[in-house]
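Chemist: Chains as they are written, first to last, in UniProt numbering: chain A, 1 to 128; chain B, 1 to 294.
Hints are computed from structural coordinates only; laboratory data are not their basis. Model, not experiment: these values are computed from the prediction. Any given hint could be a false lead.
[What the hints assert, rightly or not] Dumping the calculated EDC-like pairs for lysine to aspartate or glutamate here, alpha-carbon to alpha-carbon at most 20 Å:
id: 1; chain 1: B; residue 1: K264; chain 2: B; residue 2: D8
id: 2; chain 1: A; residue 1: K105; chain 2: B; residue 2: E165
id: 3; chain 1: B; residue 1: K152; chain 2: A; residue 2: D71
id: 4; chain 1: B; residue 1: K34; chain 2: A; residue 2: D71
id: 5; chain 1: B; residue 1: K121; chain 2: B; residue 2: E99
id: 6; chain 1: A; residue 1: K113; chain 2: B; residue 2: E223
id: 7; chain 1: A; residue 1: K113; chain 2: B; residue 2: E99
id: 8; chain 1: A; residue 1: K113; chain 2: B; residue 2: E222
id: 9; chain 1: B; residue 1: K51; chain 2: A; residue 2: D16
id: 10; chain 1: B; residue 1: K152; chain 2: A; residue 2: E93
id: 11; chain 1: B; residue 1: K75; chain 2: B; residue 2: D8
id: 12; chain 1: B; residue 1: K64; chain 2: A; residue 2: E108
id: 13; chain 1: B; residue 1: K19; chain 2: B; residue 2: E257
id: 14; chain 1: A; residue 1: K113; chain 2: B; residue 2: D155
id: 15; chain 1: B; residue 1: K51; chain 2: A; residue 2: D71
id: 16; chain 1: B; residue 1: K131; chain 2: B; residue 2: E109
id: 17; chain 1: B; residue 1: K152; chain 2: A; residue 2: D85
id: 18; chain 1: A; residue 1: K86; chain 2: B; residue 2: D148
id: 19; chain 1: A; residue 1: K58; chain 2: A; residue 2: D97
id: 20; chain 1: B; residue 1: K152; chain 2: B; residue 2: E223
[Said to hold, decoys possible] Stretch by stretch, here's where chain A covers chain B in the computed footprint (C-beta under 8 Å, at least three residues):
id: 21; stretch: 146-154
id: 22; stretch: 252-262
C-beta: ideal position from N, C-alpha, C; glycine also.
What follows is the residue order along each chain.
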Amino acid sequence: MAIRCIVVTPERTELDCEANSVTLPMFDGSLGILPGRAPMIGRLGFGTLQLDTASGTKHYFVDGGFAQVEDNVVSLLTSRSIPIDKLESDSAETALDEALAMPSKTPEQMQLKDTAVRRARGMLRSAR
Amino acid sequence: MANARALDKRRKSIKNIRKITRTMELIATARYKKAMDRAQAATAYTEQITKIVARLAASGMDVKHPLLEQRDNVKSARVLVLTSNRGLCGGYNASILREAVPRIRQLRETLPLVKVDVSGKRGINGLKFRKIDIAEQHTQFEDQPGYDDVEKIADSYLARYITGEIDRLDVVYTKFISTSKQVPTVETLLPLGSLGEDQDLDEPRGANVDFEFLPSAESILEEVVPTSFKVRLFKCFLDAAVSEQVARMIAMKGATENAGEMIKQLSMTYNRARQGQITGEIMEIIGGVEALEN
Numbered sequence: 001m002a003i004r005c006i007v008v009t010p011e012r013t014e015l016d017c018e019a020n021s022v023t024l025p026m027f028d029g030s031l032g033i034l035p036g037r038a039p040m041i042g043r044l045g046f047g048t049l050q051l052d053t054a055s056g057t058k059h060y061f062v063d064g065g066f067a068q069v070e071d072n073v074v075s076l077l078t079s080r081s082i083p084i085d086k087l088e089s090d091s092a093e094t095a096l097d098e099a100l101a102m103p104s105k106t107p108e109q110m111q112l113k114d115t116a117v118r119r120a121r122g123m124l125r126s127a128r
Numbered sequence: 001m002a003n004a005r006a007l008d009k010r011r012k013s014i015k016n017i018r019k020i021t022r023t024m025e026l027i028a029t030a031r032y033k034k035a036m037d038r039a040q041a042a043t044a045y046t047e048q049i050t051k052i053v054a055r056l057a058a059s060g061m062d063v064k065h066p067l068l069e070q071r072d073n074v075k076s077a078r079v080l081v082l083t084s085n086r087g088l089c090g091g092y093n094a095s096i097l098r099e100a101v102p103r104i105r106q107l108r109e110t111l112p113l114v115k116v117d118v119s120g121k122r123g124i125n126g127l128k129f130r131k132i133d134i135a136e137q138h139t140q141f142e143d144q145p146g147y148d149d150v151e152k153i154a155d156s157y158l159a160r161y162i163t164g165e166i167d168r169l170d171v172v173y174t175k176f177i178s179t180s181k182q183v184p185t186v187e188t189l190l191p192l193g194s195l196g197e198d199q200d201l202d203e204p205r206g207a208n209v210d211f212e213f214l215p216s217a218e219s220i221l222e223e224v225v226p227t228s229f230k231v232r233l234f235k236c237f238l239d240a241a242v243s244e245q246v247a248r249m250i251a252m253k254g255a256t257e258n259a260g261e262m263i264k265q266l267s268m269t270y271n272r273a274r275q276g277q278i279t280g281e282i283m284e285i286i287g288g289v290e291a292l293e294n
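With the hints as constraints, model all of the structure from the sequences given.
Modeler: Printed below as a string of structure tokens:
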């Protein structure tokens, strides 16, 4: 039995394949999914999506969003998904610098900055 | 009688124009197909979002979010006008501006602070001509708007809305309904009226499945709402791009047909003029011969 993993971005369906197991980058850490998992909807963080397929493991960087598991179908909604080997650590580093330089005078600004920093850190972690 | 050579010259130039307009029509058709495919690919995402929202609602959660609620005193608004970068697309840009300008004026009368953002060179020029100040300009959107670019704009609006800099965001764009119908519309994207668009009615298939929410339904909702705003804005951009290509396609088709008709007319006049010239020459020759015979 295998899991079907679908990654959808607003631009197109990025990935639609079968996998033995999927590791999702949830907002608070990784979550492994094996066939037969109970249905769930979860928030994704910024991190690496790992697919264990018959032809080897695949890694993708996922830029936040949601995951939904139902009937052995894992669908991920994310604004961006990039194969790990195409990720550049330089751009991630500049993104982190920019995020750290953001103003944080009000609670709202702090929240925005926080998200930006977490995003850049996740990207950097995946790129390495 | 018109000069036959001048007529021929004109006919030739019209033939060249026809070639150009036909090529432009073909290009617009190809681009339209591509833009259409992209717009359709985007629906997969919106459908999934709608599903998640439906499940959240089915779990007995009250769908409430600051982005969804109307603010009590609206002080400043922002209007985003989506036009094209290039012309030669019939009434596309004109109809958008016709929709946008009265709306901007009306908002300016009622609200103390209204800023206008424009995407597309045509709209920038059009609004400048109408003496409307533009706060932000975007010219990077062509026939295939990228989500990354749109997301940046969406993020800046969200940040402004959350921090209270704006209380309302209107988007003026051309809604694509079918190949033969596109309507310029004004949509209020912030505050978002509802989440499910018009698909609230269809119940999700597995409504009775119990979902586990990680970390909680509230937290997911908190994320879903901004995402669905971004996607809505992206959809506006996609719709505008498709509509632009359709408008250009139709305009160029009309131009090609008109050029054909003009060529027909000119050919007729040209032939008549040429015949007239020949007749005149023959008459001269006959006249000369007759004069010699006498």
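Chemist: A separate judgement is required for each hint: does it hold in the structure or not?
Modeler: Against the structure, the hints come out as follows:
no.: 1; hint: K264(B) / D8(B); result: holds (12 Å)
no.: 2; hint: K105(A) / E165(B); result: holds (15 Å)
no.: 3; hint: K152(B) / D71(A); result: violated (35 Å)
no.: 4; hint: K34(B) / D71(A); result: violated (33 Å)
no.: 5; hint: K121(B) / E99(B); result: holds (17 Å)
no.: 6; hint: K113(A) / E223(B); result: holds (16 Å)
no.: 7; hint: K113(A) / E99(B); result: violated (37 Å)
no.: 8; hint: K113(A) / E222(B); result: holds (17 Å)
no.: 9; hint: K51(B) / D16(A); result: holds (18 Å)
no.: 10; hint: K152(B) / E93(A); result: holds (19 Å)
no.: 11; hint: K75(B) / D8(B); result: violated (64 Å)
no.: 12; hint: K64(B) / E108(A); result: holds (19 Å)
no.: 13; hint: K19(B) / E257(B); result: holds (11 Å)
no.: 14; hint: K113(A) / D155(B); result: holds (12 Å)
no.: 15; hint: K51(B) / D71(A); result: holds (15 Å)
no.: 16; hint: K131(B) / E109(B); result: holds (16 Å)
no.: 17; hint: K152(B) / D85(A); result: violated (24 Å)
no.: 18; hint: K86(A) / D148(B); result: holds (16 Å)
no.: 19; hint: K58(A) / D97(A); result: violated (29 Å)
no.: 20; hint: K152(B) / E223(B); result: holds (17 Å)
no.: 21; hint: 146-154; result: holds (count 4)
no.: 22; hint: 252-262; result: violated (count 0)
Violated hints, in rising order: 3, 4, 7, 11, 17, 19, 22; the structure is consistent with all others.
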